[in-house]
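Asks: Whole structure, please, built from the sequences with the hints as guidance.
Protein chains in written order, with the working numbering: chain E, 26 to 370; chain Y, 26 to 370.
In short, the hints are calculated from the structure, not lab data.
Every value quoted in this text rests on a predicted model; they were computed, and no experiment measured them.
Every residue, glycine too, gets a C-beta built ideally from N, C-alpha and C.
Treat the hints loosely; a few may be bogus.
Between beta-carbon pairs, the in silico distance windows are [claimed, not checked]:
# : chain 1 : residue 1 : chain 2 : residue 2 : range
1 : E       : Lys287    : Y       : Asp180    : 48 to 56 angstroms
2 : E       : Asp325    : Y       : Asp180    : 25 to 33 angstroms
3 : Y       : Leu222    : E       : Ser36     : 31 to 39 angstroms
Quick list of in silico lysine to any residue cross-link-like pairs, SDA-like style, CA-CA up to 20 angstroms [said to hold, decoys possible]:
#  : chain 1 : residue 1 : chain 2 : residue 2
4  : Y       : Lys60     : E       : Lys130
5  : E       : Lys74     : Y       : Lys178
6  : Y       : Lys275    : E       : Asp45
7  : E       : Lys60     : Y       : Gly86
8  : Y       : Lys72     : E       : Asp179
9  : E       : Lys275    : E       : Ala358
10 : Y       : Lys72     : E       : Ser56
11 : Y       : Lys130    : Y       : Met92
12 : E       : Lys74     : Y       : Lys130
13 : E       : Lys130    : Y       : Val87
14 : E       : Lys72     : Y       : Lys177
15 : E       : Lys130    : Y       : Gly86
16 : Y       : Lys177    : E       : Asp70
Number of protein chains: 2
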Amino acid sequence: MSKKTEQTSISELGEFGLIDRITKDIKVKNSSTVKGVGDDAAILDFKEKQVVVSSDLLTEGVHFNLMYAPLKHLGYKAVVVNLSDIYAMNAEPKQITVSIAISSKFSVEAIEELYSGIHLACETYGVDLVGGDTTSSLTGLTISITVLGEVKKDDAILRSGAKPNDLLCVTGDLGGAYMGLQLLERENEVFKVNPDLQPQLAGYDYILERQLKPEARKDIVEAFRKMEIKPTSMIDISDGLSSEIKHLCKNSNVGCNLFEEKIPMDEQTKAMAEELNINPLVAALNGGEDYELLFTISLDDYEKIKNDPDFTIIGHITEASEGANLVTAAGSAIPLEAQGWNHGK
Amino acid sequence: MSKKTEQTSISELGEFGLIDRITKDIKVKNSSTVKGVGDDAAILDFKEKQVVVSSDLLTEGVHFNLMYAPLKHLGYKAVVVNLSDIYAMNAEPKQITVSIAISSKFSVEAIEELYSGIHLACETYGVDLVGGDTTSSLTGLTISITVLGEVKKDDAILRSGAKPNDLLCVTGDLGGAYMGLQLLERENEVFKVNPDLQPQLAGYDYILERQLKPEARKDIVEAFRKMEIKPTSMIDISDGLSSEIKHLCKNSNVGCNLFEEKIPMDEQTKAMAEELNINPLVAALNGGEDYELLFTISLDDYEKIKNDPDFTIIGHITEASEGANLVTAAGSAIPLEAQGWNHGK
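Replies: See the structure below:
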C-alpha cells in the first residue's frame with residue numbers, strides 16, 4: 026500500500042490473470058518438487074524421507090495491521106512463521122501452498138507486493154511455492170499457508186520426548202517481537218491523533234525487525250546436525266515461552282523449573298519495556314511471535330552447547346508431579362501460566 | 026446454527042480447549058499418517074509413492090451463505106471440494122489440514138457442528154485430519170483446507186496430456202449444483218420478505234444435495250483402475266465446464282469441439298432452469314461446483330467406456346489452431362467462453 030503509483034483493480038485482471046501474474050516467475054528449486062503450480066494439485070516426491078506438514082492462517086486486524094505492516098514484510102512473515110514449525114520438527118521445509126482471500130480494496134499491485142515478500146522468503150529458505158488459492162472476501166485480507174518439509178526417518182523431534190533432568194534450552198532472545206509491536210502500536214496511536222508527527226522509531230531497529238520481519242531458525246537445525254546433538258523434544262515459540270513450555274511438559278508428561286534470571290532478552294527489549302512501563306518478563310513469557318526454538322537436551326550434551334552463544338540454558342525438566350514452575354530471582358517457585366490466543370482480543 | 030440448545034462462547038474454552046474439543050475423537054486410519062495432530066507439524070510417510078497436494082480457501086458471503094448452508098454440510102463440502110482436486114490427479118487423498126478463522130458470533134457448538142461435517146467427510150473418504158489452525162477473525166468464517174494424497178509414480182494424470190482425436194468425457198451430470206443454489210437463493214429472498222412462509226423445496230432434493238452436500242468422484246478413480254483406463258488428461262469441474270475445458274486445452278496445447286446436445290443434465294436441473302427462466306446450458310457451462318471429472322481418453326479406449334452410465338462422451342480434441350468450440354444443436358461452432366471467479370461478485 027506504500028506505493029502511490031498506478032493501481033490496477035483485480036477485476037480488470039480476473040482470477041486467472043492474477044494467478045498468472047503472481048506465479049509467472051516461479052522457478053522450482055527442490056528435486057522433491059516434481060510438478061508445481063498449474064494443475065489440480067502439485068506432485069512431490071520425497072523418496073525414502075518422511076514428510077512433515079503444518080498449516081497456519083492469518084487474518085487482518087487479528088494477526089496483522091496494515092497500518093504499520095508493509096505488505097511485503099507481511100508476505101515474508103506469513104511464510105516464515107510456517108517454516109518455523111517445520112524446523113521445530115528438526116525437518117527441512119521444501120514446499121508451501123499459499124491461499125489468500127482479498128477484498129476489493131486491494132489492487133493487483135498490492136497483491137504483487139505481498140507475493141514479493143512470499144517469494145523472497147521462498148528464496149531465502151530454499152522453498153518452492155507449489156500451489157494455493159486466490160479468492161475474494163467481503164472484508165480484509167486472509168492468508169493461509171501450508172508448508173511441507175522432509176526429514177529422515179526417526180530424525181523428527183516431537184514435543185513428547187523430554188525426560189526429567191534434561192536441560193531446557195532456548196535459542197536467541199525473547200520478548201523482542203512483542204515489544205516491537207507495542208512500539209508500533211504506540212506510534213500508530215500518535216499518528217491517528219497527529220498524522221504530521223514523524224514516528225519515533227530510532228534506536229529500536231532490532232525489536233521492529235523482530236516484529237515485522239522475523240526469521241525462522243534454519244541455522245539451528247543445521248547446527249544440531251554439525252554438533253551431533255539431537256534434542257529430546259522441541260517446539261517453536263510462537264505464543265510465548267510460558268505457553269510453549271506448558272505444551273512441552275504436557276506432551277512429555279514432565280514438569281520443569283524455568284529460571285527467571287536465565288531468560289535471554291535483548292537490551293532494546295528491556296529498554297522499550299522500561300519506556301512503556303511493561304515488565305519485560307511478561308513480554309518474554311507471554312508476548313509470543315519470537316519464532317525461536319525451545320528444546321530439551323540430555324545432560325550428556327551439556328558440554329556441546331554450554332559455550333555456544335546461540336543457546337541459553339533456562340531451566341531443567343522435573344517429574345510431572347512437580348509441575349511447570351517459574352523460579353524467580355528471589356528463589357521462589359510459582360506455577361507458569363499459559364496464555365494462548367484469546368478469542369476476540 | 027440450527028440447534029437452539031445451550032451455546033458456549035469460544036472465549037470460555039480458549040484456543041487450546043477448542044482444539045482439544047474438535048480433535049479428541051480423531052482416530053488415524055491411514056498407515057501413511059505417522060503422527061497426526063498435536064505437534065508443530067504432522068509426520069507422514071508415503072514410502073515409494075509420490076505425494077500430491079492441493080489447497081482451497083472458502084470465505085463466508087462469497088463461497089457460502091450460512092442462511093441456508095447448514096454448518097455440518099458446509100464442513101463436509103469444504104473437505105469434498107479439496108478431495109476432488111486429488112481425484113482429478115488420479116490420486117488417493119490421505120490427509121487434510123483444516124484451518125479456520127471465526128468471529129465471536131460463532132459458539133463452540135457451532136464450530137463442533139462444522140467439524141462434525143469435516144469428520145464425516147474424513148470418515149467417508151478414508152482421510153485423516155492431521156493438523157491445521159484455529160484462530161479468530163474480525164468478521165465471518167473462513168475455512169482453508171489443504172489435502173495430501175498419494176499416487177504411484179507415473180500414475181498421476183495432468184491437465185496437459187490431451188492429444189488431437191482424444192475423446193472428451195465427463196462423469197455424472199452438470200449444472201445441478203448451480204440450479205440448487207438458485208433455488209436456495211430464491212427461497213432465502215422469500216424468507217427475508219416473509220419469514221413465516223415455508224420454503225418450497227419439494228421435488229428438488231437432488232439439485233439441493235448437489236449444492237449443499239456434493240460428493241467427490243472417488244468411485245471413478247477406482248473404476249479407471251478396474252477398467253484399465255488411464256485418461257490422457259483430467260481436471261475436476263469446480264468453476265464450470267467451459268472454464269475447465271479451456272484449462273485442459275491451454276495446458277495440453279490443443280483445441281476441442283464440445284457438443285451442446287451431449288452435455289449430461291439431470292431432469293431436476295432442467296425443470297428448475299425452466300421454472301427460473303434460466304438456460305440450463307448456462308448452468309452446465311458456467312455454473313460450477315459440480316465436482317465431476319472432465320477427462321480425455323485415447324480413441325482406443327472408446328469400447329471400454331461407451332456403455333458405462335458413469336461416463337458421457339461430450340466431444341473430441343482437435344488441433345490447437347481450431348480453438349475450443351461449442352457445437353450447438355443447430356451445428357454451428359462458437360468459441361467457448363471461460364468464466365472464472367469474478368472479484369467482488
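Asks: All the hints need checking, so say for each whether the structure fits it.
Replies: Now for the hints, and whether the structure bears them out:
Take Lys287 (chain E) and Asp180 (chain Y): their Cβ atoms lie about 54 angstroms apart, and the range 48 to 56 angstroms holds. For Asp325 (chain E) and Asp180 (chain Y), the hinted distance range of 25 to 33 angstroms is not satisfied, since their beta carbons lie about 47 angstroms from each other. At about 36 angstroms, the beta-carbon gap between Leu222 (chain Y) and Ser36 (chain E) stays in the expected band of 31 to 39 angstroms. At roughly 41 angstroms between alpha-carbon atoms, Lys60 (chain Y) and Lys130 (chain E) are farther apart than 20 angstroms, so this suggested pair is violated.
At roughly 15 angstroms between alpha-carbon atoms, Lys74 (chain E) and Lys178 (chain Y) fall within 20 angstroms of each other, so this suggested pair holds. At roughly 13 angstroms between alpha-carbon atoms, Lys275 (chain Y) and Asp45 (chain E) fall within 20 angstroms of each other, so this suggested pair holds. Using a Cα cut-off of 20 angstroms, the hinted pair Lys60 (chain E) and Gly86 (chain Y) is violated, with the two alpha carbons roughly 33 angstroms apart. Simply put, Lys72 (chain Y) and Asp179 (chain E) have alpha-carbon atoms about 14 angstroms apart, close enough for the 20 angstroms limit, and the pair holds.
Pair hint Lys275 (chain E) plus Ala358 (chain E) holds up; C-alpha atoms about 19 angstroms apart against a cutoff of 20 angstroms. At most 20 angstroms may separate the alpha-carbon atoms for a hinted pair to count; Lys72 (chain Y) and Ser56 (chain E) meet this at roughly 17 angstroms. Under the criterion of a C-alpha separation no larger than 20 angstroms, the hint pairing Lys130 (chain Y) with Met92 (chain Y) is consistent with the structure, at around 14 angstroms. For the hint linking Lys74 (chain E) to Lys130 (chain Y), the alpha-carbon distance of about 43 angstroms lies beyond 20 angstroms, and the restraint is violated.
For the hint linking Lys130 (chain E) to Val87 (chain Y), the alpha-carbon distance of about 15 angstroms falls within 20 angstroms, and the restraint holds. As the CA atoms of Lys72 (chain E) and Lys177 (chain Y) are separated by approximately 12 angstroms, the hinted pair is consistent with the 20 angstroms bound. For the hint linking Lys130 (chain E) to Gly86 (chain Y), the alpha-carbon distance of about 16 angstroms falls within 20 angstroms, and the restraint holds. With a C-alpha separation of about 10 angstroms, the suggested pairing of Lys177 (chain Y) with Asp70 (chain E) holds against the 20 angstroms cut-off.
Of the numbered hints given earlier, the model fails hints 2, 4, 7 and 12; all others are met.
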